[in-house]
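Q: So you can see what is in the structure, the chains are spelled out below.
Number of protein chains: 4
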Amino acid sequence: MTTVGFIGLGQMGNHMARNLLKNSFKVIAYDVDPKRQAELKSDGAEIVKYPADVAAATKNLITMLPNSSCVNAVFTDSKGILETISPGTLCIDSSTIEQSASIDISKLCEEKQASYIDAPVSGGVTGAQNATLTFMVGGAKNDYERAKSFLEKMGKNVVYCGGVGNGQAVKICNNMLLGIQMIGVSEAMNLGVKMGLDPKLLASIINTSSGRCWSSDTYNPVPNVIEGVPSCNDYAGGFGSQLMAKDLGLAQTASTQCKAPTPLGSLAHQMYQILASHPDFKDKDFGVVYKFLSKTQ
Amino acid sequence: MTTVGFIGLGQMGNHMARNLLKNSFKVIAYDVDPKRQAELKSDGAEIVKYPADVAAATKNLITMLPNSSCVNAVFTDSKGILETISPGTLCIDSSTIEQSASIDISKLCEEKQASYIDAPVSGGVTGAQNATLTFMVGGAKNDYERAKSFLEKMGKNVVYCGGVGNGQAVKICNNMLLGIQMIGVSEAMNLGVKMGLDPKLLASIINTSSGRCWSSDTYNPVPNVIEGVPSCNDYAGGFGSQLMAKDLGLAQTASTQCKAPTPLGSLAHQMYQILASHPDFKDKDFGVVYKFLSKTQ
Amino acid sequence: MTTVGFIGLGQMGNHMARNLLKNSFKVIAYDVDPKRQAELKSDGAEIVKYPADVAAATKNLITMLPNSSCVNAVFTDSKGILETISPGTLCIDSSTIEQSASIDISKLCEEKQASYIDAPVSGGVTGAQNATLTFMVGGAKNDYERAKSFLEKMGKNVVYCGGVGNGQAVKICNNMLLGIQMIGVSEAMNLGVKMGLDPKLLASIINTSSGRCWSSDTYNPVPNVIEGVPSCNDYAGGFGSQLMAKDLGLAQTASTQCKAPTPLGSLAHQMYQILASHPDFKDKDFGVVYKFLSKTQ
Amino acid sequence: MTTVGFIGLGQMGNHMARNLLKNSFKVIAYDVDPKRQAELKSDGAEIVKYPADVAAATKNLITMLPNSSCVNAVFTDSKGILETISPGTLCIDSSTIEQSASIDISKLCEEKQASYIDAPVSGGVTGAQNATLTFMVGGAKNDYERAKSFLEKMGKNVVYCGGVGNGQAVKICNNMLLGIQMIGVSEAMNLGVKMGLDPKLLASIINTSSGRCWSSDTYNPVPNVIEGVPSCNDYAGGFGSQLMAKDLGLAQTASTQCKAPTPLGSLAHQMYQILASHPDFKDKDFGVVYKFLSKTQ
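Chains as they are written, first to last, in my numbering: chain D, 445 to 741; chain W, 445 to 741; chain G, 445 to 741; chain V, 445 to 741.
The reader is advised that the hints may include incorrect statements.
Treat identical chains as interchangeable: a pair holds within one or across any two.
Unchecked claim - Calculated cross-link-like contacts (lysine-lysine; reagent style DSS-like; alpha-carbon spacing at most 30 angstroms):
| hint | residue 1 | residue 2 |
| --- | --- | --- |
| 1 | K597 | K644 |
| 2 | K551 | K592 |
| 3 | K638 | K551 |
| 4 | K466 | K638 |
| 5 | K556 | K703 |
Hints in this document: simulated from the structure, not taken from any laboratory.
Put together the whole structure using the sequences plus the hints.
A: Following this line, the structure appears as structure tokens:
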């Protein structure tokens, strides 16, 4: 029975840790929230007091945290992972954070003769629950191979992206493009409807033309163009506007650091910042930008 | 032997008219440019002096012109189509123009007991040459059926989009989305490369993820990611930046008239206006926006 | 007693015509709305049935209409101005419309040996009421001199801008810049407040620094930074978001026609289109963009 | 004779330190570049080996560094300021950096019973040379009073902005607005010229209307509209595009951290990123955006 440490039992992490338990791993877990701790304990995990206790107990560590401040704290605080980590430990960080933050942590791990890979995910809460996540992995090839045995229990795709930080880079670039496309599809569909087109007809032509994309042919933001997607259910569930705003913010940080101009990416970020601060839109699927643009009194 | 009138023998129109000749139609043609006239004459067309002469000779008219001023002139000038048009004539306008301009012309035709459909195309010069264009048709269903026998000789898809003006609407909406996506892909690929990713790897992951789209998986603007596309040949050929600027401008006119907000569409328009006024970029394929964004000293 | 024709007695026009009456002009007026007609009649104007009747009665014509369709109709309809206009008539068009529309009308007037100047205004309803408008005049210099005697009764500045259409050009350019600045000030003030600054302190430093502008030092959109402006009164009165959206739309039409890139102008247009379609913002002063950006739950 | 420590003798810092020498201060200085050290030594400064040596020698410290990495290094490295700083020392940081970085450093100073104020400047190299800089100061009021005696020798305005970090906030907000206005003026002037207006006439009207701002009435980016500004000298000197890109990047970092939407600010940032990566524009005054927008072949 293999032991895995799991730090961060939030909306995503609790499902991921549970999928490891289902696959007969022994899970030693930590979260700041006692309620989250209790839930996973009742499902069979061992709960410890500090991140340092997790690192003391196993050489396989997974972290799933909301931002780089949390990741830094979990690794570098006085009761953090780096206090007790053993040589040969593999740290798998599934948090979505700045590329530079991933690279910084990996260096601190290296000083302890431990390995670090960044492995951010796509697939959302549903993917976490059903173990259908995609992991985008950056790090040494052998660490990627070693991580696979854990990641495959929580997801269906584990994609190798190159050295440390490349998992973050791939996720940030894909999601920036996704945000741009979702707004673009919403603008084009709304304009078409206002010009007198039937939205299903417009979508069907776009989907076989040069405008086709995932946001149009698989996840269309116009209600009732495609069945079973959030737009048909008043944008409940799915990938929230706040999360899209977060990922687009990471893209902007990268754009500034790399001096890579991203005019549409930055405007997409601003639009999702507006949605993310609005009570009607912030907790809705990111396709709700269609509703924001099309709504008139 | 069916007779067709063809007005506008430019970059697109001369190939389209030639494809009608190849399919044993009798073509009566007009263009402002004597050189264009002479070329088509040597291929078998009959050349007349004025648009009115074309309309006097046949009830099947095709127009392929660069903008709505030209279309208006060809129809309403003193030697224009409307001077001599017979009841029962079908006017097929393949120009890409404002939806409102199409609707206005259709009403003038109706007053003469003639029909009008708008049938703008996609597929570019290559599509015109190889008779592989897509026609997006707006007009009465029976006019669409009647037009098909001509359009099928010049293209491979003839898509019915609803009433008059809907062909323009579909083309404008699709191309606005296309312009947004091409810039978005260029931004994401450039950012990824600057963050240390291999462009082929990044494209391959995007193309199986939520960021996938035609501009990424079929027409990638990064040189050598996909073989045989303009980006591999310094952006020669393809769909020019100036044409994209034109189509995005039509989308902005529609956005203003319909009061449909298009933030990304308007920014895409401005970026292609910048490219279209720059000697290094104006005559290049619209994927050249990647070069514009990635170029550093 | 000099006679003036006045066509268009709306929100602005009724005050302007009244100021002419107050200055002892004889006013012959027309409006589509009988209520507006009745109001001005009770103030001393003579009301006629058609624009053609106004033009038949006087060689001094003022038009104040909401858009170029209305202007075109008033001039070219069968009962329009051009039916009865006499040689030597001066048409003063104070409508804010496309530059190209002004130029087109001026040519039709010229064919009748009449003159045309465009003279759009700034100053809003308050300026119309108090005769403190600014007129931006495009046309022949002697027509400008002739127009002055009328315009000075309705405003306090009559600025000569050059040939026909230049009045529109100046107004469109100034108002595009104004829209950009108002959003810019709103963004900067909101960001500053979120960073912990007192808005009055921030404004006072900006107003003596390189960021100073009219939207900051005279019309600040943050409530209670400057007394007596619309932001202190929940953005009531002032210059409405819908009017700003209209002017920014005219700037976009000009940008497309002239191939002059206006990235910030087009984004400003889109933002005011969003505000202009929102019930909470559409009828408010354009400074309400601060409220839109700063509002969080 | 008062002693002052000065760390960072770059384009700005060398002039600032020299102005202290001119005012009979004893200056103990450090820079990474031996050439810069030698220059200031020949002007009378004492040069030391490490930042720690500066802090060991005086309780009055000024830092003028290009970014927060440098500031962090100068304070926290093993030979950094914090190694040797005495209680009662006042650190005046004139670097333009993230507000959060200023606040973090101030806390480290506080742990050593030392004070920290952020005092970023505006006025550029010319202002540094002529001692006409403006300092925007954030920190305790008594620290501000103490700092004044030094700052007044290097600038003509020392503005108190509130607590630590507020100097950065004011500078970032003002300069974001400035960047927006400069692009806005450039767009409006270029559009006006393309619409047929004389640029001097247009500027003169804007400057007495609601579009007036510093970028139009004092620093107009159109050549020969105002005498003696960089636009008249092919944009040589002045405030460089790269520096504007840096400040707009800091504004974007703040916008993301504070969740304050800045649509125009982010687009302005992207535009200056494009200019800052272009060999023709990167070293020019930021008014060169006019040239970028107006240039056609």
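Q: Would you mind marking each hint as holding or not holding in the structure?
A: For each hint, the structure was consulted:
For a Cα distance limit of 30 angstroms, the shortest separation of K597 from K644 across copies, 28 angstroms, qualifies, whereas the shortest one inside one copy, 38 angstroms, does not. For the identical chains of this complex, K551 and K592 are intra-copy neighbours only, at 22 angstroms inside a copy versus 43 angstroms across copies, given an alpha-carbon limit of 30 angstroms. In the homo-oligomer, the alpha carbons of K638 and K551 lie at most 30 angstroms apart only across protomers (21 angstroms), although the nearest pairing inside one protomer, at 54 angstroms, exceeds that limit. In this assembly of identical chains, the alpha carbons of K466 and K638 never lie at most 30 angstroms apart, being 51 angstroms within a copy and 40 angstroms across copies at closest.
Within a single copy, K556 and K703 get their C-alpha atoms no closer than 33 angstroms, and across copies no closer than 37 angstroms, so neither meets the 30 angstroms cut-off.
Checked against the numbered hints given earlier, the structure breaks hints 4, 5 and satisfies all the rest.
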